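Novice: Fit chain B to the known structure of chain A by using the hints.
Chains as they are written, first to last, in full-length UniProt numbering: chain A, 1 to 187; chain B, 1 to 311.
Check before you lean on any hint, since a few could be wrong.
Unchecked claim - Residues of chain A placed beyond 10 Å of chain B at every Cβ, according to the derived structure:
| hint | residue |
| --- | --- |
| 1 | Gln17 |
| 2 | Val36 |
| 3 | Pro41 |
| 4 | Met42 |
| 5 | Asp58 |
| 6 | Gly91 |
| 7 | Lys185 |
Said to hold, decoys possible - Among the chain A residues that face chain B by a calculated CB cut under 7 Å, a handful are:
| hint | residue |
| --- | --- |
| 8 | Ile56 |
| 9 | Gly72 |
| 10 | Arg98 |
| 11 | Glu102 |
| 12 | Ala104 |
| 13 | Thr107 |
| 14 | Arg139 |
| 15 | Leu140 |
| 16 | Val158 |
| 17 | Val159 |
| 18 | Ser161 |
| 19 | Phe163 |
| 20 | Ala167 |
| 21 | Leu175 |
| 22 | Leu178 |
Just so you know, these hints were derived from the structure itself, not from any lab. For clarity, every value in this text was computed on a predicted model and none was experimentally measured. Backbone N, C-alpha and C define an ideal beta-carbon position, used for all residues, glycine too.
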Amino acid sequence: MTAALRREPTREPTREQALARDPVLARAWDAASAVVDPELPMLTLVDLGVLRDIAIDDDGAVVAAITPTYSGCPAMATMRDDLVRELRAAGFADARVRVVLEPAWTTDWITPAGRAALAAAGISPPGRAPGRAGPVPLRLVPTRRAVRCPRCGSDDAVVGSEFGSTACKALYRCLACLEPFEHVKEI
Amino acid sequence: MPDVRTHEPDDHDNAYSGLLVGDARWAFGTDFEDPLAGVDTTVPDGVDPAALATYCLMLGDDALVLSQRLAEWCSNAPDLEEDIALSNIALDLLGQARLLLARAAAADGTQVPTLPAGSPVPDEDRLAFFRDDLRFRNVRLVEIPGGDFAETITRILLFSTWRLALFEELAHSRDAVLAAVAAKAVKELTYHRDFAGRWFLTLARGTDESRRRLLAGLDTLWPYWTELFETHGVERETAEAGVGVDPAGLAADVDVVLDQVLAASGVDRPALPPLAGVQGRKGRDGRHTEVLSRMLAEMQVVARAHPGGHW
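The shape of chain A in the complex, shown without the other chains (with noise of 0.2 Å):
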């Protein structure tokens, strides 16, 4: 039997469902939910949407599928290990991790838990990524964003730079409190 399922929020009840009657799935996602991104430790892979999805074959072999945040993230391998240490740690001693290219990582996919967690750790958790019909428009002014800062709750903020430590942060400055913040963009 081959248990796969996709890790989407939308499609929860699904995946509980599944891992309700496949106890050795479940303990495959237990153990692959305890790893943590390399970059923003208070998020799990699973809390960043980056845990595509985990699959048994009839061997017991698990492969684990995530998926880059970014086309240069240069945390792919340190996830890589990780997911491996961890499942061969909960007695699968056969874990592989393949990557998934395809559809492209969105912010939507954080969860909420992830959300709050990015939030208590203060930094800016993203709004909803901008859709998108037809070709990508110019923007010539800057990116306007409802966001909050995370220190004192005053929306009164604005941009210092788009680009931060980390490809997915932008630099925001409090004019309230004025301490400064990160923002994960939306992608």
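Specialist: The following block gives chain B in isolation, referenced to the frame of chain A:
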């Protein structure tokens, strides 16, 4: 060369100990397996694997060479925010290059340089670090030296406007890997183009000096611009097979966007002729300006000195 790994994680006298213990710690290195691990890299029916590989090299080399030029700004930009922005854009392009070079190697392994037996260097690194300039297929726009900040911004604007239009079409490629790489890259190129467009406008509407520099940069780059829309035989072949994109068909869409930026900035298109090739051969044919070989010498020297090294 000796194995540079250390197995003494508690050796506090050595700042490098612990970095390469046991499992891989570096994403871009000999320890990182195929970035397409588990991805189905079967070449679609009716597509010549060699042509597909060469096409992937063209798009991959564009990104790799511009990434290297942008990385030269690291610690040299006008301020910290722009330094980080340029490095971020360079990283995105390096990631795109890596996937495209890996796809090229998976389609046609005969194009990958051969290294001594036992070398741990992965295919995409062999393509990046062990090819000479005559085997690079990038357009010449990306290889010329960076110039000042205004010229750098202008080059990112031109390149990302063109590449975004190209990749929006490439996202429908019959080759599932190219389609996926392109769909992902579209998101990145979108904010590269926005970043460059805003800076172009700012510099054009800024001081006399910023405008003077911007116009000078545009003049330097303009002779390389039309080359991006010239169809190479490999581009035609892959486009006809439904896996590539004929760049000639992009001109109208690209012009609309570029004219939007130029009009908002009050800048006219330069009236400068395109730079000729060598007997008609240009970047896509592997015929480059002489600066590419020097840039590659710097980019490749360490990898070439240690073809058996672990990174």
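Novice: Against this structure, judge whether each hint is valid.
Specialist: Status of each hint after checking the structure:
1. Gln17: holds (26 Å)
2. Val36: holds (16 Å)
3. Pro41: holds (15 Å)
4. Met42: holds (21 Å)
5. Asp58: holds (18 Å)
6. Gly91: holds (19 Å)
7. Lys185: About 8 Å separates lysine 185 of chain A from the closest Cβ of chain B, which leaves it inside 10 Å; violated.
8. Ile56: Violated: closest Cβ of chain B sits about 15 Å from isoleucine 56 of chain A, beyond 7 Å.
9. Gly72: Holds, because the Cβ-Cβ distance from glycine 72 of chain A to chain B comes to roughly 3 Å (cut-off 7 Å).
10. Arg98: Holds, because the Cβ-Cβ distance from arginine 98 of chain A to chain B comes to roughly 2 Å (cut-off 7 Å).
11. Glu102: holds (4 Å)
12. Ala104: Where the cut-off is 7 Å and the nearest Cβ of chain B is about 4 Å from alanine 104 of chain A, the hint holds.
13. Thr107: violated (10 Å)
14. Arg139: With a minimum Cβ separation of about 5 Å from chain B (threshold 7 Å), the hint on arginine 139 of chain A holds.
15. Leu140: holds (5 Å)
16. Val158: Because about 13 Å separates valine 158 of chain A from the closest Cβ in chain B, which is outside the 7 Å limit, the hint is violated.
17. Val159: violated (10 Å)
18. Ser161: holds (4 Å)
19. Phe163: This interface hint holds because 4 Å falls under the 7 Å limit.
20. Ala167: holds (5 Å)
21. Leu175: With a minimum Cβ separation of about 18 Å from chain B (threshold 7 Å), the hint on leucine 175 of chain A is violated.
22. Leu178: violated (18 Å)
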